[in-house]
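Please build the complex by placing chain B on the supplied structure of chain A, with the hints as guidance.
Heads up: the protein sequence lines correspond to chains A and B, in order.
To convert, note that position 101 of the first sequence is 101 in the numbering used here; the numbers rise steadily by one, no gaps.
To convert, note that position 41 of the second sequence is 41 in the numbering used here; the numbers rise steadily by one, no gaps.
Please keep in mind that the hints were generated in silico from the structure rather than gathered at the bench.
Bear in mind that the values here come from a model prediction, so they are computed numbers and not experimental data.
Where is the CB? At the ideal position from N, CA and C, for every residue including glycine.
Heads up, some of the hints might be wrong.
To be verified - One-sided and incomplete, this derived list gives chain A residues near chain B with beta-carbon spacing under 10 Å:
#1 M68
#2 V142
#3 V242
#4 L256
To be verified - Which stretches of chain B does chain A cover? Using the computed rule of at least three CB atoms under 8 Å from a CB of chain A, they are:
#5 4-17
#6 36-46
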Amino acid sequence: MAAKNRGMAAGDGGLAIENGGVTMKDGGVAAKHDRERPHDHLAAWLAVGRAFDLLTVPLVITALYFAMVRAPEAAGDTGGIVQRVFYFHVPFAMAAFLGFGIVLVASIGFLAHGRRSWDATAEAAAETGLLCCTIVLLTGPVWARFAWGAWWTWDARLTSTLVLWLIYAGYLVLRAYMADDARVRRYAAVLGIIGALNVPIVYLSVRWFRTQHPETLISKRGGLDPSMAVALRMGMLAVFTVFAALLVKRLLLGRLETRVAALRAGLDARE
Amino acid sequence: MNGLGYLVLAYGFIWVALAVYLLLLGRRIGRIGREVEELRRRAEEAPGPHSARP
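The shape of chain A in the complex, shown without the other chains:
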């Protein structure tokens, strides 16, 4: 984070954050390039990011304590000791769904209003959601290998999750390797919406289809041991804080990249 801090504090004569906008101070050159959004509240976002950073480590340690020590060991047919990965596996799945939900809202916002900030939010949420989805796809097979005797089965939950991952991997590849123009941003928004529509399919697949994956739906029926439920809630809190910390960093990076590109264009025009 040192580089970011250095970059954002480089304003003692060159670039600075003033009232949330990046401003060039040298001779009043090219002040506030982004006419669309003159106030990005970068300093406020940085403070929010630091708050999440501070919360992350104690919450993760507490969640690990609950998962490894306080929660009872599950029955052998659900994975025995390996079931303890459940307290992070499920929260990361929920965080991925949240990320893709943000992509849906931001993509609709971008298509409706055409603002770059909506597009940047969708891209940041897709990247953070994909990271969480990757963790789900890495931890699930390890648990499955021990509980079911197979790393992977093509059942509905696993397959639909893999499809979700592939859609958002494609979304980020599209954004990374295509020209950054309005048409590509619109295509990406449409793909982001299509990907998010897959989330309810993933979530309800264990109810709609006969699957090997345990039915983990939020319902009033309960079924989880109270100490396991507490450990799961702690895992949720820790993972959602990690998700928020990463998302804020990624959003800041996106906004800085946009600002630096605008400043570069301004300087190029001046020279």
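Chain B in isolation, oriented as in the chain A frame:
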């Protein structure tokens, strides 16, 4: 591999994935920091709009 081995492997994947992502994010932030430095240098070298020209 016993159950504990699988558990360590699963949690290892979580921390490695997060560490790799943070590393990549850190590299991109470092690149932005270098670009800011470069822009700052260029802004200092370039003449201002109100500078006297011959």
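- [ ] Quick one: see if chain A covers the segment 4-17 of chain B, three-plus residues with Cβ-Cβ under 8 Å.
- [x] Held - the segment 4-17 of chain B has 9 residues with a Cβ nearer than 8 Å to chain A, which meets the minimum of three.
Task: Cβ contact check, 8 Å cutoff: the segment 36-46 of chain B against chain A, three residues minimum - done: This one holds; 9 residues, not fewer than the three required, reach chain A with a Cβ under 8 Å.
- [ ] Using Cβ atoms only, decide whether L256(A) comes closer than 10 Å to chain B, and label the hint accordingly.
- [x] Hint on L256(A): holds, closest Cβ of chain B at ~5 Å, below 10 Å.
TODO: Identify whether the interface hint at M68(A) stands, where standing means a beta carbon of chain B within less than 10 Å of its own.
DONE: The hint holds - M68(A) has a Cβ within 10 Å of chain B, the shortest such distance being about 9 Å.
Task: chain B contact restraint for V242(A) - C-beta distance below 10 Å - done: Nearest chain B Cβ about 7 Å off; hint holds.
Open item on the list: Holds or violated: the hint that V142(A) contacts chain B, with Cβ atoms closer than 10 Å.
Closed with: With a minimum Cβ separation of about 4 Å from chain B (threshold 10 Å), the hint on V142(A) holds.
Comparing the model with each numbered hint stated earlier shows that all of them hold.
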